[in-house]
Amino acid sequence: MTSVHATTPSGFLLVLAVILPVCAVLAIVACGPRSAARIAMTTLAAGLAVAIAIAMELVAGGTALSYVVGGWQPPLGIALRADGLSGAMIVMTALVLGAVGLFARSQYALHDGGGAGRAQTTFWILLLALASALNATFVGEDLFNLYVALELLTFAAVPLVCLDGRAETVKAALRYLLFALLGSLLYLLGTGLIYGQYGTLDLLALSQLSREDPALSAALALMIVGLLAKAALFPLHLWLPPAHAGAPAPASAVLSALVIKAPVFLILRLVLDVAPPQAAAVAGQMLAVLGAVSILFCSVMALRQARLKLMIAYSTVAQIGYLFIVFPLAAGSADLPPWSTIAWTGGALQLISHALAKSAMFLAAGVVYEAFGHDRIADLRGFGRVLPISAAAFGLAGLSLMGIPPSGGFVAKCLLLTAAVAEGYPWLAATILAGGLLAGGYVFRVIDKALANPAAPIVVQRAVPRRLEIVALALAAAAVMLGFLPLRPFEFLQIGRSGVSMAGLP
Amino acid sequence: MMVLLDLALAAWLLALALHVVMERNERSAIIAFLALGLLLGLVWVRLAAPDVALTEIAIGGGGTGILLLRAEAALRGRGKHEEGATRGGKLAVAAGCAVISAGLGFAVLALASPAPTLAPAASDAIAATGLGNPVTAVLLAYRALDTLLEKVVVLLALVGIWSLAPDGIWGGAPEVAPAAVPGPLAWLARILPPFGVVIGVYMFWVGADAPGGTFQAGTVLAAMWLLVIMAGLLPPPDAASPALRLVLVGGPALFLAIAFLGFIVADGFLAYPEGFAKPLIVAIEAALTLSVAAALAMLVAGPARKAPAR
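Protein sequences appear in the order of chains H and R.
All residue numbers for the first sequence refer to my numbering, where the first residue is 296 and numbers rise by one.
All residue numbers for the second sequence refer to my numbering, where the first residue is 54 and numbers rise by one.
Be aware that a few hints might be false.
As the list claims (entries may be wrong) - Just a few of them, taken from the derived set where beta-carbon distance is under 10 Å, the chain R residues facing chain H:
#	residue
1	L100
2	A102
3	P103
4	L309
Said to hold, decoys possible - Just so you have them, the derived chain H footprint on chain R, three or more residues with Cβ under 8 Å:
#	segment
5	144-157
6	298-306
7	314-324
To be verified - From the derived model, a few chain H residues whose C-beta atoms are all more than 12 Å from chain R:
#	residue
8	V299
9	G494
10	H669
11	L732
Hints are computed from structural coordinates only; laboratory data are not their basis.
From a predicted model like this one, the values you see are computed outputs, not experimental measurements.
Ideal placement from N, C-alpha and C gives every residue a C-beta, glycine not left out.
With the hints as constraints, model all of the structure from the sequences given.
And the structure:
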């Protein structure tokens, strides 16, 4: 069987998902700061429409969408492809970006009359570039095209960290840049090796060609380590807390919710579609160990943080850990492909519910910072009385992180826990439970403060408009609503998977 | 004979790389690094990859080198309060590099031989584009999407650099010329640009059929522009100036416009209508060369240091 990509009738939607934000970036650079917010919001709305159209086409057709760019068939050319999982990622990305865009526009309106200054204009350009980069990652089918998507992602994400221009955030951004570039370099080295061995970079072709050989193992090891540096899995997470905590709230929200998910998604593609079975099993075990350490170590670190945003940032590294314990659990078997396992659905739900919950948390923290001018947890007694909606958003998002029903996080962790018990990984089951308890610890620390009686009357530095709080609440509510999904493998996430012959199967 | 030459080249490269790492004086290390870029260019020529060689010399050696030199000049005299790497840290980095190098060497030796390659396929399909240089066909036809997105990456890097300027002077001009321009620099800045511009235009023009192309040509043009700015013969432009912004956006915008045109007059996004591929590609390359030149020059020039003219 040879691999052939064929453009499907609605495949052009994939091109639009990647290219529309690029058009908007150019438009903002050309037109200048005045129209930046308007162009960005229009494009984010269009992006949401495209994402929904892609999801509807997937449901209607029951097969993946494909587009062969320029009519040049891979391996010479590049194909784009969206299956159910990619579709879910695209919709999640569009939703979170839209909400963050609304928040940012209202927040910027609070300062110097919504002027078109440096930070604002740069933020809108970078946000749109992120939209393009993330969608390109989710629909990419070519390892080099994916490298370009990662570069786009890096150069959009790093300047977001130091938008406020303080020396410490510039330092955090520089550290992030070094980690991210090291990751890119390792990924590119691996890509070169794979081309040298197989003469193609097309994932569909590689899924049929790949076999056990040293060059492929070395390539995969390099690429996965590189991607881990970008995804900030323990012990490569050192750059994340200062970077995500130092960025302005809307930037933190997209960085934590979306940006680090792209490398995780690529690791999944490499392990599932490229790695031969033996290598996939070994890689899966190692990733699960690192994931478990991430969950435990960084949850404890989150408990010990004195600042709210740093706590949320450490919680991100911990929650990312859950995505890596999925690998051995979703390994599947001869008659059960990985995407039909409950762990596959659990992992995808964890990814999506974390994106919604974490963006809600960072936005709520942004409101707190806006109102009080600081985010020291110890000095936030009674903030729930002044900012009840934000406290509620934080609490609801926390439910999902802890895995308490009803919430998307509950369904995800319940599925993963069931899979861990059924597949015979008691240590992973214990880690999931311990991680939930620790998450409970750090979320309740904040909720407790929110509900406490203030020692002195609370002084608010600046009145925060309701709009800002409601955006955070809406995202948190969306994370909770995911909890009403049934506790079984979700068909949408399997669309377009079964047609591909997967190397990951024994 | 050639084997001897190759061995000498390899030994020289290794020695120079070691020198770059060991040299304590930053300035000498950077100059050695520039030489390393040139040497790597020679290696690429020996590997029959002249396009890569040109890019390596222009970007890897020249572009990176001048960035490093400017960074070193900016840091010199500020006193090194930054803690240097500890001995353990250095050892860890050395060990990491050694493991990766060994792994790479092992993997490269294990690669399939003869290596599978798409070169014949790239040459066979070239007739449809009317081009003569398969590298250009890869960059602007088969994998035009990558090239398009890469140009956006360059633009984003510039947006990121510009965002480092303080709020008040964002959108202003960088400061590149030294307070007192040395005589030789001023002289070079008057003599070299005419030749450089001709070379840059030539590199872009032959790129369709011979080694060369937008990135190499753009780098040469950027270097000429920078030379003129550094010698104080022309003021650096405001980042907010409409002309600069239009040049920066022009290349990618034309690329996108032609890409979308493919939906109407050809097989789809980034497909060229039959018979018009070459003129369209040359038009895209022309605009991209200018955009790349402007972007690279502004990247080296750095964030604004003067408030924009109102």
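Status of each hint after checking the structure:
1. About 13 Å separates the beta-carbon of L100 (chain R) from the nearest beta-carbon of chain H, more than 10 Å, and the hint is not met.
2. The beta carbon of A102 (chain R) is not positioned within 10 Å of any beta carbon in chain H (closest approach about 13 Å), and the interface hint is therefore violated.
3. Interface hint at P103 (chain R): violated, since its Cβ lies 19 Å from the closest Cβ of chain H, which is beyond the 10 Å cut-off.
4. Evaluation of the L309 (chain R) hint against chain H yields a held restraint, the C-beta minimum of about 6 Å falling below 10 Å.
5. As drawn, the segment 144-157 of chain R meets chain H at 3 residues by the rule of a beta-carbon pair under 8 Å; at three or more, the given contact holds.
6. Counting residues of the segment 298-306 of chain R whose CB lies closer than 8 Å to any CB of chain H gives 6, so the stated coverage by that chain holds, three being the minimum.
7. Interface restraint, the segment 314-324 of chain R with chain H: holds (8 residues with C-beta to C-beta distance below 8 Å; minimum three).
8. Even its closest Cβ contact with chain R, about 15 Å, leaves V299 (chain H) beyond 12 Å, as expected for a residue assigned away from the interface.
9. A Cβ of chain R approaches the Cβ of G494 (chain H) within 12 Å, the least distance being about 3 Å, so the stated non-interface status is violated.
10. With 12 Å as the threshold on Cβ separation, the claim that H669 (chain H) sits away from chain R holds: the shortest Cβ distance comes to roughly 22 Å.
11. For L732 (chain H), the condition that its CB be more than 12 Å from all CB atoms of chain R holds, with the nearest at approximately 34 Å.
Of the numbered hints stated above, those contradicted by the structure are hints 1, 2, 3 and 9, listed in ascending order.
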